[in-house]
Amino acid sequence: MSAVPQSPKPVLIVLHQEHSTPGRVGHRLAERGHPLDIRRPRFGDPLPDTLADHAGAIVFGGPMSSNDDEDYIRREIDWMSVPLAEQAPLLGICLGAQMLARHLGARVGPRPDGLVEIGYYPLRATEAGQGLCAWPEIVYQWHGEGFDLPAGAALLAEGQLYQNQAFQYGPSAFGFQFHIELTLAMMHRWTTTGEERFKLPGAQPRAQHMEGRAVYDGQTSRFLDGFLDFWLRLPRANGEPAEVDPGTPEPIGLG
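Heads up, the sequence shown is in the UniProt record's numbering, so the first residue is 1 and it goes up one at a time.
Taking CB as the label site, the calculated pair distances span:
1) 207 x 130: 29 to 35 Å
2) 8 x 226: 15 to 21 Å
3) 207 x 40: 30 to 36 Å
4) 81 x 38: 17 to 23 Å
5) 235 x 63: 34 to 40 Å
6) 8 x 46: 21 to 27 Å
7) 229 x 81: 25 to 31 Å
8) 115 x 32: 34 to 40 Å
9) 152 x 185: 35 to 41 Å
10) 235 x 210: 37 to 43 Å
11) 194 x 6: 40 to 46 Å
12) 31 x 199: 35 to 41 Å
13) 218 x 189: 20 to 26 Å
Hints in this document: simulated from the structure, not taken from any laboratory. The structure presented is a predicted model; accordingly, all values stated were derived computationally and were not measured. Beta carbons: idealized from backbone N, C-alpha and C, even for Gly.
Generate coordinates for the entire structure from the input sequences, incorporating the hints supplied.
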């Protein structure tokens, strides 16, 4: 008798605003058959004690800072020990990447000159990142803080204003400073409700955001597909403590 194929496990989605969505990332996960287990710790949702019943976890962005003295921020940063210990696939996007960096002991903060990245900015894969997949050359950003590279992490991609744009820690944890999740509707909403931020030094005007999406978004879309396919296949410790020091990055690649 042939084995009955198992349904894909849900992916834990951690959001930080009442009406936030996982956007295009959520769409692509659903296309791959993964249910979305959406939690909002800021509004009282608990985070699981184990990811044994999940395919992985993705922590998204938000307007708050990982340095904020809020209980849910501290608890969320501390919780990242769960996927790290289990070697479960973990991805932090923007604020999520900064939370992961802080959990690993790295500094998060603004540039001394106050420059921000709000709009489309260049990205360059490092030698360590080139084996992952085809990185976009220009990516969408919306942040005024960046992170230092955590000790033991591998820098995968870098930028001009904020050098550290993507890193890997251990076999299955990743942080991306840039946004891969935005749908066109989300970009319209962000550039409308966040219009005041276009006055910040280094920010691009709204028209440049829209022009940039038309030119560069295809690269990000292809990158997202390639990365998710790789990320969802990562081996893990099946809920048991990692046998390998998670601070030692391993080579990555899609083959």
